[in-house]
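Enquirer: Next come the chains, spelled out residue by residue.
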Amino acid sequence: MFEDVNDLYQQVILDHCRHPRNFHEIPSCSVTAQGRNPVCGDQLKLFLTLKDDRILDAAFVGSGCCISKASASLLTENVKGKTRQEATALFDQVRGLITTGQDQGDVGKLAVFAGVHKYPARVKCAILAWHALLEALKGGSAPVTTENEAS
Amino acid sequence: MNKTFDWEACRRDFPILDQTIHGKPLVYLDNAATSQKPLSVIEALVHYYKRDNANVHRGIHELSNRSTVAFEGARARVARFIHAPHPDEIIFTRGTTESINLLAATWGATNLKPGDVILLTEMEHHSNLVPWQMIARRTGARLAFIPVTGDDGMLDLSRLEDYLTPQVKLLSMVHISNSLGTLNPVEELCARARKMGVTTLVDGAQSAGHLPVDVQALGCDFFAFSGHKICGPTGIGVLWGRQECLEGMPPYQGGGEMILTAGYDRTEYKPAPHRFEAGTPDISGPIGLHAAMDYLDAIGRDQIWKHDQELAHHAWDQLSKLKDIRLFGPAGNSPFRAGLVSFLLKDVHAHDIVTLADQAGVALRGGHHCTQPLMHKLGVESTARASFYFYNTRAEVDQFVDVIREIQRFFGR
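These protein sequence lines are chains A and B, in that order.
Using my numbering, you'd call the opening residue of the first sequence number -12 and step up by one each time.
Using my numbering, you'd call the opening residue of the second sequence number 48 and step up by one each time.
Accuracy of the hints is not assured; some may be wrong.
In the DSS-like style, the derived pairs of lysine-lysine whose C-alpha atoms are separated by at most 30 Å in a straight line are [claimed, not checked]: (1) K424(B) to K32(A); (2) K353(B) to K370(B); (3) K393(B) to K96(A); (4) K96(A) to K67(A); (5) K32(A) to K67(A); (6) K71(B) to K105(A).
Just the calculated beta-carbon pair ranges, DEER-fashion [claimed, not checked]: (7) T87(A) to R206(B): 54 to 60 Å; (8) A108(A) to A442(B): 25 to 31 Å; (9) D93(A) to C57(B): 52 to 58 Å; (10) E12(A) to D344(B): 34 to 40 Å; (11) S87(B) to S50(A): 40 to 46 Å; (12) D53(B) to G83(A): 51 to 57 Å; (13) D341(B) to T87(A): 28 to 34 Å; (14) D209(B) to S50(A): 32 to 38 Å; (15) Q(-2)(A) to G302(B): 56 to 62 Å.
To spell it out: a stretch of chain A is covered by chain B in this simulated footprint if at least three of its residues, at any positions, have a beta carbon under 8 Å from a beta carbon of chain B; those stretches are [stated by the list, open to error]: (16) 42 to 53; (17) 108 to 115.
These are computed hints drawn from the structure, not numbers from a lab.
Keep in mind the model is a prediction, meaning the values are calculated, not measured.
Don't be surprised by glycine CBs; every beta carbon is placed ideally from N, CA and C.
Taking the hints into account, I'd like the entire structure generated from these sequences.
Expert: Structure, rendered in C-alpha cells:
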C-alpha cells in the first residue's frame, strides 16, 4: 500500500527511528540547544561536548516522529569529530538537501533525506535537529523552532 | 446504518470529494478541522459576487439593498439555526476564536476583577483558553479548570461544587471536544452555573453543525461557532449572546457601522449586534453560511448526529480490535461519543500515521489539535484523529481502519 513512500521512509531512516543512536543526555556537555516544532508539540534537546573548536561528542533526547528522530540520530553520528566550521557547513548542505532534494555534495548517509522535500509538511520534522545544532554552536540557549522554515 | 436518508446521494453535492489523492480515492476524515462545501454554498457565493455585490447598510441603491437584505437575512437564519429568541442577539465574527476573543475583550474587561475566577475545563481548545489567560492577566482574575478523568475523556463532575465556587464569574466550556470527541453535558453545567449566578459560554465549534442546537434549552448565556466547520465558508463565525448580557457590554472595535452619532470628542454606539461589528463586514460569508444552514437543516441535524455517532461507533469498534493502539475519549457506544476518534499507535508517531494515510488517500490530522495542555495531562505530545461528517460512509471507515492496520505493518516490518 505504501510503495511510494519509500523515498521518505528509507531503510536507514526507519532503522534510526527505531534505534536512535546517541539517544541520551550528556550531563557534562559544553552546550545544549532545544528544538521545538509548534505544529505537533515535538521537542528535542541536543547536547554537544566541545574541545577547543572540535565536537567530541553529540547526543540528543526528546520526542518526535520517525523523520525528526532519525534526523537527530544521524546528526549526532555525523557531527562528531567535526569543527564548528565543518558542522556549520554540513548544516547548510543538509538544509539544502532537505528543502530542495538537490545534491549538495557528499553528505554520506544523510543523503537519505533527499526525498523529504516531496513531503512539504515533513520538511520541518527533518530539519528541526539541525536548527538546534546551529543554535548550540552559536552557544544560544533560547529554544529554536522551525516555524519560519520554508516548507 | 440509517435508512431514512440517502447519504451516498448527498456526496454528489460535494464536487471536491470526487477526486483521487496519490492515485487513491479521497477519503476525507478531517472534518473537525474544516468541512467540505456543497455546491449550493459555492453557488450562493458566486451568485452574490456576480449579481448582488455592494456594501451593506446605509446604501440607497438597489445592489446595496439586496446585499443588506441578504446579510440581515443570514442573521435571522442563524437565529433560527440555534433557536435564539432574536436576530439582534447574533453577532457575526471571523469564527469561534474571534467570538471568544470578543467576549473576553468586552464582557471580560468590564465584569472581571482581581480574585474572580474564570472556570474552564481541561479539554478546551486553545481558542477557549488563551483569550481568558490574556484577560485574566489584565484584570487580575484567575483561571480554574474542571478536570478530565483520563483517556476516557469525560469531565470529572464528582466534585463540581469544589470548582463552582462563589468566586466564579464565568464558566466557559466546549460542547464537543475536538481532540477527544466527548459530548459534554453542557445543559446540566449551565443549569448549575445559573443557580450560582455564573455567566456561561458554550464553544459550539464542533457541535453546531453536527447536532440540533437550541441555545435556550442549553441554558447558556453565550454560544460561539464557526461557519467553515458546518459547510459554510471560512472567515465567518457567530457569537450569540442573551440580550440582557449583550446590553451591558462595551463595543469590541471602533469604526464605521457601530455608531449612532459620532462627534470629535464622543460617540454614541449602536445597540447589539451592530455595536460589535465595526467596519465593512464579511458579507459573502453570512450569505454562504445561510446556504450551508439551509443545506444541513434540509437533511436534519438529528439525522446527521445519528450518522456521525454510527460512524464513530463503528470506527471505535474496528480500531479497538487492533493491538498496540490507544484510543481516547468515551467508548464507541457511549451516548457521549461524538463523530471523531483520536488514537495513537505504539511506537508510531501521529505525523507518521498521517503521512502514510495520506499516501493511501485518507486525510487525517495528527498533532496536539490546539489542546496542548490536555495532551500533556494525558502524557502524550500528539494524537492522530479521524473526524467524520454526514458525507462519510461506513465503507470509508473500513478503508481508514485497513490503512491503519497497514501502517502498523509498515512500521512493524
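Enquirer: State for each hint whether it applies.
Expert: Here's how the hints hold up against the structure:
1. K424(B) to K32(A): 21 Å, holds
2. K353(B) to K370(B): Within the cut-off at roughly 28 Å; holds.
3. K393(B) to K96(A): 27 Å, holds
4. K96(A) to K67(A): At roughly 14 Å apart (the allowed maximum being 30 Å), K67(A) and K96(A) satisfy the hint.
5. K32(A) to K67(A): 16 Å, holds
6. K71(B) to K105(A): Distance ~18 Å between K71(B) and K105(A) Cα, so the pair holds.
7. T87(A) to R206(B): 54 to 60 Å: 56 Å, holds
8. A108(A) to A442(B): 25 to 31 Å: 27 Å, holds
9. D93(A) to C57(B): 52 to 58 Å: 56 Å, holds
10. E12(A) to D344(B): 34 to 40 Å: 58 Å, violated
11. S87(B) to S50(A): 40 to 46 Å: Since the Cβ atoms of S87(B) and S50(A) sit about 44 Å apart, the hinted range of 40 to 46 Å holds.
12. D53(B) to G83(A): 51 to 57 Å: 53 Å, holds
13. D341(B) to T87(A): 28 to 34 Å: 48 Å, violated
14. D209(B) to S50(A): 32 to 38 Å: 33 Å, holds
15. Q(-2)(A) to G302(B): 56 to 62 Å: 60 Å, holds
16. 42 to 53: Check passed, 4 qualifying residues.
17. 108 to 115: It holds: at least three residues are needed, and the region 108 to 115 of chain A offers 3 whose Cβ sits within less than 8 Å of chain B.
Consistency note: the structure conflicts with the earlier hints numbered 10, 13.
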